[in-house]
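Enquirer: Listed below, chain by chain, are the residues.
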Amino acid sequence: MPHVRCMRCRECGSEYPIEPLNVCELCFGPLEISYDYASIARSVSRQSIEKGPASMWRYHDFLPVDVEAAVDIGTGFTPLVPAKNLGRMLGLDHLYIKNDAVNPTYSFKDRPVSVTASKALEFEFEVLACVSTGNLMGSVAAHGARAGMETMVFFPATLEKEKIIGAAVYGSTLVAIDGTYDQANRFCSELADDNRWAFVNINMRPFYAEGSKTLGYEAVEQLGWRAPDHCVVPAASGELHTKIWKGIQEMTDVGLIDDARTRMHLAQPEGSSPIVEAFRAGLKHVKPVKPDTIAKSLAIGNPASGPFALETLAETGGAAVAALEEEVVEGIRLLAETEGIFTETAGGVVISGLRRLVEEGRIRNDEVTVAYVTGNGFKTIEVVENGVSPVRTAPNHEAFQTAMEARTARTRSAAVQPSTPGGKK
Amino acid sequence: MSVTIRIPTPIRRVTNGADKVSAKGETLRDVIDDMETQYPGAKARICDDQGEIRNFVNIYVNGEDVRFLGGLDTSTTSGDEISIVPAVAGGAA
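Residue numbers (numbering that gives the first Met the number 0), protein chains in the order written: chain A, 0 to 424; chain B, 0 to 92.
Chain A on its own, in the form it takes in the complex (with noise of 0.2 Å):
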């Protein structure tokens, strides 16, 4: 890691030497890794960029870890998907969706927990934890078999059956809490004060924030090496939001590209919407809310980068939206039935956000928008169950006609019903 600095209190500023600390004993601010720019400036350009895996290492100058120490399960570079059809429904131009549904593990977290995993091994810990809504503890089981770690993954005992299997898979070692998830946070917390675990989104949360960055400088080079005029990201604590900008920002600062004046949104589910209703307000920092709301990976209600996300927005002019609970599955199915791209509840959220924000005429039609689809359709599979019932036939062309006449009938009688875009078929 060449360029790093140090560790930076983003509160009080003050500096502390690289190690597994993620807040300012001096304020409890939280810890930012601080880069040499001019250093990475001169290493980097965008053909030497263009010649780099086709992974999220292509970035490693601007991470804190060594490349040939990378934890890498091949995260990353994932499609700028041009989404025409979704666009033109919706009025936009030039509309993309960032699929990072197909990251390894099928999640954004795959980029967090890579650079975590391998700082994790430089700093010797031999057990990765996490505390998890879902998507995080996949991703730390996998990385953790990966790197040849213990791993122990918390999450409330209410999750979604297909994320808890999903890390199980993998060896690790599953801790279902009975609460919810920022009690469960609360709990992880003093747990990793009390053993030597590095659990990557408490103690080494600074390296795992780094990670996020990585879907802000894909953006703009999957664009041609330009800044979007608009970003639209779903917000659980609030993290993603402001590193896709922080990476947006570093693309300028090295001189990649000239300029960026991205309009940051970001979206919440309404039964999750603390850093909305802190928008709405004109707040500076957010109160806590009691989630409740199907977007699971998204229930947070203490979330930990609040004021920064609320920073960003104003920094950049972005507005915070909610998604009512019964748009969030609108938002899966119209995305699966525009784009071929089958999101988890999270991208609903992102979705439904994105068309309010067009209806609030907050996106001009000829502007560049990314929407960031984080997570996958599969992991949330329970939530688009309903109403599922495939044409029932014999294995002969006489049983089949009835049957599809039968579907056409009851077809046209539910069709009578007014319906939305992207509604039940």
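Treat the hints with caution; some may be incorrect.
Straight-line C-alpha distance at most 25 Å; calculated PhoX-like pairs for lysine-lysine [said to hold, decoys possible]: (1) Lys-42(B) <-> Lys-286(A); (2) Lys-42(B) <-> Lys-19(B); (3) Lys-42(B) <-> Lys-283(A); (4) Lys-160(A) <-> Lys-245(A); (5) Lys-245(A) <-> Lys-283(A); (6) Lys-50(A) <-> Lys-283(A).
Hint data in this document are derived by calculation from the structure and do not stem from the laboratory.
Fit chain B to the known structure of chain A by using the hints.
Expert: Relative to the frame of chain A, chain B by itself:
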């Protein structure tokens, strides 16, 4: 009338390394003042110049965030467990 307070790593320097301390008080405010008497410097780590809980500090009484209770005026009774936790821990998307 004493409560137990779990001390996070960043404050343990002030508590001479102790990860748990006892203090007395009928409200959280009193408890923190009592802690300050026992361990000078502790309060400044937890509260800002106005005496309010710092932005990046979360305090829980028996596992409940005091922002859902009465903040510094939350009443405390003997045997309560108080946790002081950095706000920036954890978090996913």
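Enquirer: With reference to the structure, classify each hint as holding or not holding.
Expert: Against the structure, the hints:
Taking the CA atoms of Lys-42(B) and Lys-286(A), the gap is near 23 Å; set against the 25 Å cutoff, the hint holds. Between Lys-42(B) and Lys-19(B) the CA atoms are separated by roughly 15 Å; this keeps the pair inside 25 Å, and the hint holds. For the hint pairing Lys-42(B) with Lys-283(A), the CA-to-CA distance comes to about 24 Å; that is within 25 Å, so the pair holds. Distance restraint check for Lys-160(A) and Lys-245(A): the Cα-Cα separation of roughly 34 Å exceeds the 25 Å cut-off, and the hinted pair is therefore not satisfied.
Only pairs whose Cα atoms come within 25 Å are accepted, and Lys-245(A) paired with Lys-283(A) is accepted, the gap being roughly 19 Å. Annotation: proposed proximity of Lys-50(A) to Lys-283(A) is violated, straight-line Cα distance about 42 Å (limit 25 Å).
The structure shown violates the earlier hints numbered 4, 6.
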